[in-house]
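Q: Here is how the chains run, residue by residue.
There are 2 protein chains.
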Amino acid sequence: MRIALIGYGNVGKAFLKLLCKKEEYLKAEGIDIKVNYVVSSKGGVYNPDGINIKELDDFIKTEKDITKYHKGGGSDVSFSTVLKNKDVNTVIETTTTNKETGEPGMTHITLSLESGFNVVVSNKGPIMLAYKKLYGLAKKNNVQLGIGCTTGGALPSINGGIIELAGAEIMSIEGVLNGTTNYILNEMEKGETTYEEALKNAQSLGIAEADPTMDVEGWDTATKLLILTNVLMNKENTLNDIEVEGITSITPKMINEALKQGKKYKLIGKTINKDGEVNMSVRLELLGSEHPLYSVDGKNKSIRYVSNTLGDLIISGGASGLEAAAASVLRDLINIYRGYKYVR
Amino acid sequence: MRIALIGYGNVGKAFLKLLCKKEEYLKAEGIDIKVNYVVSSKGGVYNPDGINIKELDDFIKTEKDITKYHKGGGSDVSFSTVLKNKDVNTVIETTTTNKETGEPGMTHITLSLESGFNVVVSNKGPIMLAYKKLYGLAKKNNVQLGIGCTTGGALPSINGGIIELAGAEIMSIEGVLNGTTNYILNEMEKGETTYEEALKNAQSLGIAEADPTMDVEGWDTATKLLILTNVLMNKENTLNDIEVEGITSITPKMINEALKQGKKYKLIGKTINKDGEVNMSVRLELLGSEHPLYSVDGKNKSIRYVSNTLGDLIISGGASGLEAAAASVLRDLINIYRGYKYVR
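In order, the protein sequences belong to chains A and C.
Per this note's numbering, the first sequence runs over residues 54 to 397.
Per this note's numbering, the second sequence runs over residues 54 to 397.
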């Protein structure tokens, strides 16, 4: 595979580090991945023979600006160079998510698919806004579109629905899809902390972001649920179609009363498909110990599908963090390499 | 897809029933499956234009012998006919498991792969005895070998390891892989029944077989663990390499003492991979509530993989019974149809 990495932020960097770490493994598996482009917003690196990513990794330890890299770095290396040269077969899109326009990812993905490149994307924006359109473009151009990283990273939620439930119809999707809020709720259960204290603690550990709005108000969960629903149930819904509540109103009193009854609050994203009519919600739900999502603790995530002929499927776990996000990009890449058709 | 169904026992019949039930769905998904052969040990049915399986299903309600079916039935229709005509692309092997020789499945699968047919198999025998050889044959002949049904049916255990952990290394496999024993242990936890009573109860409900040896002495779990280990860790082990204990020595006293400590006994199949050295066991283990397999109750099954870069993955659920087994055959079939490469 010849690859252009578009976006040189946290996920992009973690992906290159992972490729270094996995060099031996990939060789042993007979998987040949060449990175020909690394493109940031200010320029990039291009090497038609494949960038030596170990060397590049060493280089940026002392010099932040990759355009100064002596083997192919330049401020003139951009996504347009990739389009012009047409010497890769796969584009990895890891630019920052924009939930209103999806840009710049939307343009990158659209033009890549139109140019006949496979695309693996970690950027949720374009996928939540236009999956059906992008899927259609990929199909028309006979290329693949891997989106496994957009709905829980290492948790194989999308693939679980597509591959493992092939031939069965999915009646409902229900998940603990956000590790940060699950961690906060879990901390409140452990000690008698308030929501504010638990959030502050999560922020100091790097689990919650400085601006935690997306997580704690339920929008991260809603975004993932929207993508899962649109993809697995062939819909074109938007965030407006989801009733979204976060966890900000939770109190130690509520938590304690739940625990007394042997129950736990979880932020649940849920889609019920009733004869093709889809109902989506994100809200705090009180789960008893018989519920399969009851025991999903800490930063863990989990998803439950109810299907007709293949029964219930519950997938839990998935490491958190940048390496796991990078590993889930690599997973999609390898599956495309092996011939799996995400786009049929 | 043009299909020959070899084996007309419980799974074979359930598969044809499922195809009838899914007719509309498959049409809507654009999946074209024609069954050209149904072969039992006493003859079969052949129709080069595709057997009308609804009609065949009606026919066998009054007449057990399919060779008498007026549209293509005959005692001369056999697996050899399939080999001679070469007018299918996929063989579904559902004959009875033989754990010593793998026959007659071994011959069916070998000759099918050599003839350039994809094979989807529900029969564990040949897979536990010779997966590596059969995989090699499939690879050489550029066809696919789907084995998802052999390691827990609807529970996507094999695919979970192959697809969802692509690019990560699996350090351990641990699972509740047998629904019958899990049900019996669960019944003992609920009431103060002895092992013998719980087994009898399971037998009367059709959950345990008349001869429950394979389940209760751990061999069903061992077989599944062996297949998972050989496939996912590229080994050629045999059942002799596994330390196998069943659940027959469990007493109400043990169960009660465990419950008092907040623990449960589970029959766990476990493989630990330490620097390429593999250690396999099947035995009763005492799990605390923090263990992800603790809450797998009743007839449910679950598997946990520990990987390096993609973290833990726990897959639970999967319906039990014949329809679920048939649905897991259909799942592999559809994935092959969609281009997924089980054999790379």
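Careful, some of the hints might be misleading.
Identical copies go unnamed one by one, so any copy, or any two together, can satisfy a pair.
[Stated by the list, open to error] Here are the simulated DSS-like cross-link-like pairs (lysine-lysine), alpha carbons at most 30 Å apart as the crow flies:
1. 95 - 114
2. 74 - 185
3. 327 - 80
4. 186 - 117
5. 74 - 323
6. 394 - 114
7. 80 - 313
8. 306 - 139
9. 74 - 192
10. 80 - 193
11. 80 - 185
12. 114 - 70
13. 306 - 316
14. 70 - 394
15. 288 - 117
16. 186 - 394
17. 139 - 74
18. 74 - 288
19. 80 - 394
Hint data in this document are derived by calculation from the structure and do not stem from the laboratory.
Q: Each hint should be assessed against the structure and marked as holding or not.
A: Status of the hints after comparison with the structure:
1. Taking CA atoms no more than 30 Å apart as the test, residue 95 paired with residue 114 passes inside one copy only; the shortest distance there is 18 Å, against 72 Å between copies.
2. Taking the shortest alpha-carbon separations for residue 74 and residue 185, only the inter-copy value of 28 Å comes in at or below 30 Å, while the best intra-copy value is 35 Å.
3. Taking the shortest Cα distances, residue 327 and residue 80 sit within 30 Å of each other only across copies (21 Å), while inside one copy they are farther apart (47 Å).
4. Neither within a single protomer nor between protomers do residue 186 and residue 117 lie at most 30 Å apart by alpha-carbon distance, with minima of 37 Å and 51 Å respectively.
5. For the homomeric pair residue 74 and residue 323, the shortest alpha-carbon distance between copies (28 Å) is at most 30 Å, but the shortest distance inside one copy (37 Å) is not.
6. Taking the shortest alpha-carbon separations for residue 394 and residue 114, neither the intra-copy value of 38 Å nor the inter-copy value of 40 Å comes in at or below 30 Å.
7. With identical chains, the CA atoms of residue 80 and residue 313 are never at most 30 Å apart, being 54 Å at best within one copy and 51 Å at best between copies.
8. With identical chains, the CA atoms of residue 306 and residue 139 are never at most 30 Å apart, being 60 Å at best within one copy and 71 Å at best between copies.
9. In this homomeric assembly, residue 74 and residue 192 come within 30 Å of each other (Cα to Cα) only across copies, at 29 Å, whereas the closest approach inside a single copy is 33 Å.
10. Within a single copy, residue 80 and residue 193 get their C-alpha atoms only as close as 32 Å, which misses the 30 Å cut-off; across copies the closest is 21 Å, which meets it.
11. For the identical chains of this complex, residue 80 and residue 185 are inter-copy neighbours only, at 20 Å across copies versus 35 Å inside a copy, given an alpha-carbon limit of 30 Å.
12. Only within a single protomer do residue 114 and residue 70 lie at most 30 Å apart by alpha-carbon distance; the minimum there is 12 Å, versus 62 Å between protomers.
13. Taking CA atoms no more than 30 Å apart as the test, residue 306 paired with residue 316 passes in both settings, with 13 Å inside one copy and 29 Å between copies.
14. Taking the shortest alpha-carbon separations for residue 70 and residue 394, both the intra-copy value of 27 Å and the inter-copy value of 28 Å come in at or below 30 Å.
15. Taking the closest pair of Cα atoms, residue 288 and residue 117 never come within 30 Å of each other, the shortest separation being 43 Å inside a single copy and 45 Å across copies.
16. Taking the closest pair of Cα atoms, residue 186 and residue 394 come within 30 Å of each other both inside a single copy (17 Å) and across two copies (26 Å).
17. In this assembly of identical chains, the alpha carbons of residue 139 and residue 74 lie at most 30 Å apart only when taken from the same copy (28 Å versus 47 Å across copies).
18. When the C-alpha separation of residue 74 and residue 288 is checked against a cutoff of 30 Å, the pair qualifies only between copies, where the shortest distance is 24 Å, while the shortest distance within a copy is 39 Å.
19. Proximity of residue 80 and residue 394 under a CA criterion of 30 Å is satisfied in both settings, with 23 Å inside one chain copy and 19 Å between copies.
Going down the numbered hints, you'll see the structure goes against 4, 6, 7, 8 and 15, while the others check out.
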